[in-house]
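Q: Can you build the whole structure from these sequences, using the hints too?
Chain residues, written in single-letter form:
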Amino acid sequence: MASTTPPTRTANAQLTRRSFLESVSTGWFIFTAACIAGLSATARFFFPNDLFEPPTRFKIGLPENYAPNSVDENWKAKYRIWVVRDGEKIVILNATCTHLGCTPNWLLTEGKFKCPCHGSGFYRDGINFEGPAPRPLERFKLSLAADGQIEVDKSRKYQKELGQWNDPDSFLKIS
Amino acid sequence: MALFKNLTETQIWKSIFRHKYPDNTRDQALAVLSNVFLHLHPIKVRKSGVRMSFTWCMGGVTFFLFLVETITGILLMFYFRPVVEYAFNDMKDLREVTPMGIMRELHRWGAHLMVITVWLHMLRVFLTGSYKPPREFNWNVGVILLVLTLLLSFTGYLLPWDQLAIWAVTVGTNMARATPLLGHEGPGAALLTLGDIPIITAGSDVRFGLLGGTVVGPATLMRFYVLHCVFIPMIAGVLMAVHFWRVRKDGGISGPL
Ligand code: HEM
Ligand code: FES
Chain P
798 MASTTPPTRT ANAQLTRRSF LESVSTGWFI FTAACIAGLS ATARFFFPND LFEPPTRFKI
858 GLPENYAPNS VDENWKAKYR IWVVRDGEKI VILNATCTHL GCTPNWLLTE GKFKCPCHGS
918 GFYRDGINFE GPAPRPLERF KLSLAADGQI EVDKSRKYQK ELGQWNDPDS FLKIS
Chain E
119 MALFKNLTET QIWKSIFRHK YPDNTRDQAL AVLSNVFLHL HPIKVRKSGV RMSFTWCMGG
179 VTFFLFLVET ITGILLMFYF RPVVEYAFND MKDLREVTPM GIMRELHRWG AHLMVITVWL
239 HMLRVFLTGS YKPPREFNWN VGVILLVLTL LLSFTGYLLP WDQLAIWAVT VGTNMARATP
299 LLGHEGPGAA LLTLGDIPII TAGSDVRFGL LGGTVVGPAT LMRFYVLHCV FIPMIAGVLM
359 AVHFWRVRKD GGISGPL
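Here the protein sequences line up with chains P and E, keeping their order. Using the numbering used here, the first residue of the first sequence is number 798, and each one after it goes up by one. Using the numbering used here, the first residue of the second sequence is number 119, and each one after it goes up by one.
Please keep in mind that the hints were generated in silico from the structure rather than gathered at the bench. A few of these clues could be false.
Stated by the list, open to error - Label pairs and their calculated CB-CB ranges:
#: 1; chain 1: P; residue 1: Thr839; chain 2: E; residue 2: Leu185; range: 26 to 36 Å
#: 2; chain 1: E; residue 1: Trp257; chain 2: P; residue 2: Glu948; range: 30 to 40 Å
#: 3; chain 1: E; residue 1: Thr216; chain 2: P; residue 2: Ala864; range: 45 to 55 Å
#: 4; chain 1: P; residue 1: Pro851; chain 2: E; residue 2: Val201; range: 12 to 22 Å
#: 5; chain 1: E; residue 1: His157; chain 2: P; residue 2: Pro851; range: 53 to 63 Å
#: 6; chain 1: E; residue 1: Arg169; chain 2: P; residue 2: Pro931; range: 47 to 57 Å
#: 7; chain 1: P; residue 1: Asp922; chain 2: E; residue 2: Glu223; range: 40 to 50 Å
#: 8; chain 1: E; residue 1: Pro316; chain 2: P; residue 2: Asn963; range: 20 to 30 Å
#: 9; chain 1: E; residue 1: Thr216; chain 2: P; residue 2: Glu870; range: 42 to 52 Å
#: 10; chain 1: P; residue 1: Asp950; chain 2: E; residue 2: Phe255; range: 46 to 56 Å
#: 11; chain 1: P; residue 1: Glu870; chain 2: E; residue 2: Phe255; range: 48 to 58 Å
To be verified - Taking beta-carbon pairs under 8 Å as the criterion, some of the chain E residues facing chain P (in silico):
#: 12; residue: Val289
#: 13; residue: Gly330
#: 14; residue: Thr332
Please read these numbers as outputs of a predicted model, since none were measured by experiment. Think of the CB as a built atom: it goes at the ideal place given N, C-alpha and C, for glycine as much as any other residue.
A: Structure, rendered in C-alpha cells:
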C-alpha cells in the first residue's frame, strides 16, 4: 500500500548528467553576458552627453574690424583662435600648438607665434619653422553670416599638409 | 611592575594579545602570525634580507612614503575643493594661511621622493637578480605598482589647477589621441565606422572618456581628483598587500647569489 519511493526522488531522476551540464553552462553563459553588459554600461558612464565647453560655432564681428596685415588676439581666451588678416584675406588659426597642444603666444615684435611649452615657432600664416612642431597650425572654417558678421565653425578644420588650405571655406576674401 | 603584571592578566589584555611578551622564538612567531597586518610579513627573515647594502630598504621606504602620502593626502582633503573656482586658491591657502598647511608640502615632496625610491627599488631588484624564478610573478606585480605610482603622480599633478598643471596634463593626455583603435588620431581608428559615420571621434575616444570633455576642463579636474584620491590608491593598496605576501610566499627576500 505505502509507496517505497518518495515522490521527490522520481523528479530528481529526470535530471540527467547531460541536462545538468547544459543548464550549468547556460547559467554561466547568461552570467558572463550579464557581466559584460554591466561593464560596458559602466564604461558608457564615463562619456558625458553635456559638456561645459565653449560653443564651436560663433560670430566674431564684422570683417572691417580686423586691420590688414594683423593678428587679432581678442578671441584667444574665449574661443582659442587667432584672426589673421593678410591684405584682403582673413583666416582663422587654431591657437593650439601642433606639437602637443599648448597655446602659443603671438610675439608682435618678432612677428611669429611662439609656443611656451617646447619652443615651437610659427609664421603669421601658421607655417611652422622652428621647434618640435611637425606641421603648420590648423585653420578653421569661416563664412559671412546674413548680418554681415564673420561666423566661425570650429568643427571643420583645414590642414596645410593635406592640401586643405586651398579650400574656399578655409579663408574669407574681402572685396 | 606588579601593576603591569596585573594588567597583562586582565581579560581585555588577553583578548587582544594571544601570546606572551615575544622574548622567545615561539611567541615571536605568534606575534607575527596572529596579527592581520604583520602576517603579510615573513615570520623569519634571512640575515642578508635586513642588510642595508642588499635591499637598500628601498621597497620599505617606498611603502613608508605611500603611508605618508595617504595620511597627508587625507588631511589635505579636509581643505581642498576640486572645483575650478576653488582648487588653486585652496592650494595657495594651504601653503600660506592654513595652520600646519605644510602638509601640502609634505605631500608634494613625498610624492617626488616616492617616484625616486620606487625606481631605485626596481633597480636593486634587478641588480640582485631577485626577479628570477620563483619571484617573476612578484616582479610583474611590481611593474604594475610602478605604473600606478607614476599615475598617482600624474593625476595629482593636475589638482593645483595652475598653468603648469593644466598644460602638463594637456600635453600628457594628448598622447591618448594616438592610442591604436581607441584614440581618434590613432592607427586603425579611421577603420571603425558605421557606414560613413566615424565611431571614434574627438568626442568619443579614450581621451574624451579620460578628460570628461574634449579639453582639460572642470570635468577633468573632478575625474583626476577621484582617480587620485580613491581609485588608484585603493588598487595600489591591494597590490601592495599581494606584493608583500608574495615576498613571503616566494621564500622571503632573496639571498646573495
Ligand atoms: C609601490 C611600489 C612598491 C612597493 C611599496 C614595494 C615594496 C617592496 C618591499 C617592502 C619589498 C621587500 C624587500 C625590499 O624592501 O627591497 C619588496 C620586494 C620586491 N619587489 Fe617591490 N615594491 C614596489 C614596487 C616594485 C617594483 C616597481 C618592482 C619591479 C618591477 C618590484 C619588485 C619586487 C621584487 C621582485 C621583490 C622581491 C625581492 C627579493 O625577494 O629580493 N617592486 N617590494
Ligand atoms: S606643445 Fe608647443 S612646442 Fe610642444
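Q: Are the hints correct? Go through all of them and say.
A: So, going through the hints one by one against the coordinates:
A hinted range of 26 to 36 Å for the beta carbons of P:Thr839 and E:Leu185 is consistent with their spacing of about 31 Å. Between E:Trp257 and P:Glu948, the C-beta spacing of about 58 Å breaks the proposed range 30 to 40 Å. Remark: the range hint 45 to 55 Å for E:Thr216 to P:Ala864 is upheld by a beta-carbon distance near 49 Å. Distance hint for P:Pro851 and E:Val201: a CB-CB separation of about 19 Å, consistent with the stated range 12 to 22 Å.
Hint check: E:His157 to P:Pro851, Cβ distance near 56 Å, so the stated range 53 to 63 Å holds. In this structure the hint that E:Arg169 and P:Pro931 lie 47 to 57 Å apart at CB holds, the actual value being about 51 Å. For P:Asp922 and E:Glu223, the hinted distance range of 40 to 50 Å is satisfied, since their beta carbons lie about 46 Å from each other. Separated by about 24 Å at the C-beta atoms, E:Pro316 and P:Asn963 satisfy the suggested range of 20 to 30 Å.
One distance hint, 42 to 52 Å for the beta-carbon pair E:Thr216 and P:Glu870, is violated here, with the actual separation near 37 Å. P:Asp950 and E:Phe255 have their C-beta atoms about 54 Å apart, which keeps the hinted 46 to 56 Å range intact. A hinted range of 48 to 58 Å holds for the C-beta pair P:Glu870 and E:Phe255, which are about 57 Å apart. The closest approach between the C-beta of E:Val289 and any C-beta of chain P is roughly 4 Å, which is under the 8 Å cut-off, so the hint is satisfied.
For E:Gly330, the interface hint holds, since its Cβ comes within 8 Å of a Cβ in chain P; the closest pair sits about 6 Å apart. At a threshold of 8 Å, the smallest CB-CB gap from E:Thr332 to chain P is about 6 Å, leaving the interface hint in force.
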